[in-house]
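Colleague: Residues per chain, in single letters:
There are 2 protein chains.
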Amino acid sequence: MDHTAHDVLGIGNAIVDVLAHVEEDFLVRHDLVKGAMRLIDEVEAEHLYEALGPTMEQSGGSAANTIAALASFGCKAAFIGKVKDDQLGEVFAHDITATGAHFDTPKAADGPSTARCLVLVTPDGERTMNTWLGAAQNLGPEDIDEALVKASGIVYLEGYLFDPPAAKKAFHKAAAVAREAGRKVALTLSDSFCVDRHREDFLHLIRNSVDILFANEAEIKSLYQASTFNDAMHAVRQDCPLAVLTRSAAGSVIALPDDVHVVEAAPVKKVVDATGAGDLFAAGFLAGHARGLELPDAARLGALAAAEIIQQMGARAIRPFREVARENGYHHF
Amino acid sequence: MDHTAHDVLGIGNAIVDVLAHVEEDFLVRHDLVKGAMRLIDEVEAEHLYEALGPTMEQSGGSAANTIAALASFGCKAAFIGKVKDDQLGEVFAHDITATGAHFDTPKAADGPSTARCLVLVTPDGERTMNTWLGAAQNLGPEDIDEALVKASGIVYLEGYLFDPPAAKKAFHKAAAVAREAGRKVALTLSDSFCVDRHREDFLHLIRNSVDILFANEAEIKSLYQASTFNDAMHAVRQDCPLAVLTRSAAGSVIALPDDVHVVEAAPVKKVVDATGAGDLFAAGFLAGHARGLELPDAARLGALAAAEIIQQMGARAIRPFREVARENGYHHF
Numbered sequence: 001m002d003h004t005a006h007d008v009l010g011i012g013n014a015i016v017d018v019l020a021h022v023e024e025d026f027l028v029r030h031d032l033v034k035g036a037m038r039l040i041d042e043v044e045a046e047h048l049y050e051a052l053g054p055t056m057e058q059s060g061g062s063a064a065n066t067i068a069a070l071a072s073f074g075c076k077a078a079f080i081g082k083v084k085d086d087q088l089g090e091v092f093a094h095d096i097t098a099t100g101a102h103f104d105t106p107k108a109a110d111g112p113s114t115a116r117c118l119v120l121v122t123p124d125g126e127r128t129m130n131t132w133l134g135a136a137q138n139l140g141p142e143d144i145d146e147a148l149v150k151a152s153g154i155v156y157l158e159g160y161l162f163d164p165p166a167a168k169k170a171f172h173k174a175a176a177v178a179r180e181a182g183r184k185v186a187l188t189l190s191d192s193f194c195v196d197r198h199r200e201d202f203l204h205l206i207r208n209s210v211d212i213l214f215a216n217e218a219e220i221k222s223l224y225q226a227s228t229f230n231d232a233m234h235a236v237r238q239d240c241p242l243a244v245l246t247r248s249a250a251g252s253v254i255a256l257p258d259d260v261h262v263v264e265a266a267p268v269k270k271v272v273d274a275t276g277a278g279d280l281f282a283a284g285f286l287a288g289h290a291r292g293l294e295l296p297d298a299a300r301l302g303a304l305a306a307a308e309i310i311q312q313m314g315a316r317a318i319r320p321f322r323e324v325a326r327e328n329g330y331h332h333f
Numbered sequence: 001m002d003h004t005a006h007d008v009l010g011i012g013n014a015i016v017d018v019l020a021h022v023e024e025d026f027l028v029r030h031d032l033v034k035g036a037m038r039l040i041d042e043v044e045a046e047h048l049y050e051a052l053g054p055t056m057e058q059s060g061g062s063a064a065n066t067i068a069a070l071a072s073f074g075c076k077a078a079f080i081g082k083v084k085d086d087q088l089g090e091v092f093a094h095d096i097t098a099t100g101a102h103f104d105t106p107k108a109a110d111g112p113s114t115a116r117c118l119v120l121v122t123p124d125g126e127r128t129m130n131t132w133l134g135a136a137q138n139l140g141p142e143d144i145d146e147a148l149v150k151a152s153g154i155v156y157l158e159g160y161l162f163d164p165p166a167a168k169k170a171f172h173k174a175a176a177v178a179r180e181a182g183r184k185v186a187l188t189l190s191d192s193f194c195v196d197r198h199r200e201d202f203l204h205l206i207r208n209s210v211d212i213l214f215a216n217e218a219e220i221k222s223l224y225q226a227s228t229f230n231d232a233m234h235a236v237r238q239d240c241p242l243a244v245l246t247r248s249a250a251g252s253v254i255a256l257p258d259d260v261h262v263v264e265a266a267p268v269k270k271v272v273d274a275t276g277a278g279d280l281f282a283a284g285f286l287a288g289h290a291r292g293l294e295l296p297d298a299a300r301l302g303a304l305a306a307a308e309i310i311q312q313m314g315a316r317a318i319r320p321f322r323e324v325a326r327e328n329g330y331h332h333f
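As they're listed, the protein sequences go chains Y and L.
Taken in order, the first sequence gives residues 1 to 333; the numbers are from this note's numbering.
Taken in order, the second sequence gives residues 1 to 333; the numbers are from this note's numbering.
Everything labelled a hint here was simulated from the structure, so no lab data went into it.
For every residue, glycine included, the Cβ atom is placed at its ideal position computed from N, Cα and C.
Where hints are given, some of them may not hold.
Chain Y is faced by these chain L residues, among others (derived, beta-carbon under 7 Å) [as the list claims (entries may be wrong)]:
#1 His21
#2 Val22
#3 Glu24
#4 Asp25
#5 Leu27
#6 Pro54
#7 Gln58
#8 Gln87
#9 Ala98
#10 Gly100
#11 His102
#12 Val177
#13 Arg316
Input sequences plus hints: build the corresponding full structure.
Modeller: Here you go:
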């Protein structure tokens, strides 16, 4: 890639996570599908919040988590997403810029509050997410700074943006501007239910405009309505020049039209909270890619970042990722 | 104690903690005294926040931490403190009531925002606190619900309330109502610098109105301007019927006019974040006391609660304390 001001520009829902521990029966009582993300309205968000025990708050959002981690690796990263000018919006803006990322999307002066995701963490470390999109759903094409897109080597888009209509328009605008400027477009599929809601749109986009696709096993199988991972992997090799497919403890697979690499997961002592695992894998991979690593080495760095984040609460790292990288022999950081 | 609706009523500053990791040199650059709490204004709070890396937010406040933990032990607990009707105020109210504690102090409709404490955690796990009191400083005598005070076996007051003038009046009103009703008054000295600011007032109060005093080594030495712990301990035995003195890894000492008990600290693998250690020791002690344990056993329960909290980030426990108690053979919980 030629010289650009930012290695990666992420565009996604700007969300503050509200993390709580729950027992398995809480999910059953509230009819929640474990491991999934579902959209809820403000009233349901308030009811569910009332039912939760003590919480902690931390900035979140899928692409935002990836961008914060990329900056923490020392990469040049930027983010576009919509918060309101309220206390949680201030928290979101602080946390992403505190990592070193560029973030200047205008905050909404009125309308709904900054988005919140109620993240319910079960004793096995799995997380079940309930998102009220609030101000994030009002991200629109006018928020896509074309100069910023053109100044970024890779534009990284989260599939969740397909849910709010205005954000979907912003998504398509960003992808078009990036391709026009000769930049790469990366997409993460976000969630198998999200894929189910927007399968045809995703397939069209992947076949025409996506250079790097990130998906986990459930998402890629949902995309191709495939019964096995292998079938889905072979399908995506026909459609996309580079697919990075994550499989939790089974590691990851890099699928290219003419080659496949299988990469092991990094060791994990105890899964405390799976929130952000996929986002951080993408961050490690993109950080490695930006530093010119071979694809399997970049995937190993992704696995390290994912392993680091699932051993703590929340999707934002306590320790700078450049330290994690260096400790593991990645001397480019 | 006779039958009361609440075992303990806590009165204190209602604060949301903003926790960040910093290196030692950050404290030096910003002229901060490690381990201490200092009061800052809103402008300084904003500047310091800007200088911090990514944060997490969690409810805090010294007496509030104690009350949340008491409720988590299964005790009947209530709290009085002032937040504003804003997002962080909602977080504070949610978290304390989610533990089962009673909290219905009216939220301020206008004026300063809900209080924030910027808690800087160094690699050794020590915390340095910078508090902007915001709405908490407007707690006043009108917020002291006399019926609630009379319905509580112990009224637990934090020394930090002596800093804002209106809160100090509220403190004295609560202590007077409690004594009038034959309830016990407990006081925690909060911080050695706070003791230094209000030494004479504290001594007067302790000699006349305090049934149970909580202090750490630095605080009790500051109170009596004593050069050794032993001197301070002997001084407090003249002034107070029951003093619970904590000494970090050196355990605790229960000082009575006619007896002294020395209790070991509970084992700790790694100090992650010392925030809340003293507050949680008080919670365990008071929970044991409410359940009728002997004083040294109550202090051991305090040590367990303190050990639990310093092995995680923040001062609010993830796991219910009644589980911690039962696992350690306290079958009253």
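Colleague: It remains to establish, for every hint, whether it holds in the given structure.
Modeller: Here's how the hints hold up against the structure:
Hint status for L/His21 relative to chain Y: holds, with the closest Cβ pair at about 6 Å, below 7 Å. The beta carbon of L/Val22 comes no nearer than 11 Å to any beta carbon in chain Y, farther than 7 Å, and the hint placing it at the interface is violated. Interface restraint check for L/Glu24: the shortest CB-CB distance to chain Y comes to about 15 Å, outside 7 Å, so the restraint is violated. The criterion of a C-beta within 7 Å of any C-beta in chain Y is not met by L/Asp25, whose closest approach is roughly 15 Å, and the hint is violated.
Nearest Cβ of chain Y to the Cβ of L/Leu27: about 17 Å, over the 7 Å cut. The hint is violated. Hint on L/Pro54 holds. Least Cβ distance to chain Y is approximately 4 Å, under the 7 Å limit. The interface hint given for L/Gln58 is met, as the beta carbon of that residue sits about 5 Å from the closest beta carbon of chain Y, less than 7 Å. Given hint, L/Gln87 at the interface with chain Y, holds; its Cβ is 4 Å from that chain's nearest Cβ, closer than 7 Å.
Given the 7 Å rule on beta carbons, the hint for L/Ala98 holds: about 5 Å separates it from the nearest Cβ of chain Y. The interface hint given for L/Gly100 is broken, as the beta carbon of that residue sits about 9 Å from the closest beta carbon of chain Y, more than 7 Å. Because the beta carbon of L/His102 sits about 15 Å from the nearest beta carbon in chain Y, more than 7 Å, this interface hint is broken. Taking 7 Å as the C-beta contact cut-off toward chain Y, the hint placing L/Val177 at the interface is violated, the least distance being around 29 Å.
Because the beta carbon of L/Arg316 sits about 5 Å from the nearest beta carbon in chain Y, less than 7 Å, this interface hint is met.
The structure fails hints 2, 3, 4, 5, 10, 11 and 12 (numbered hints given earlier, in ascending order).
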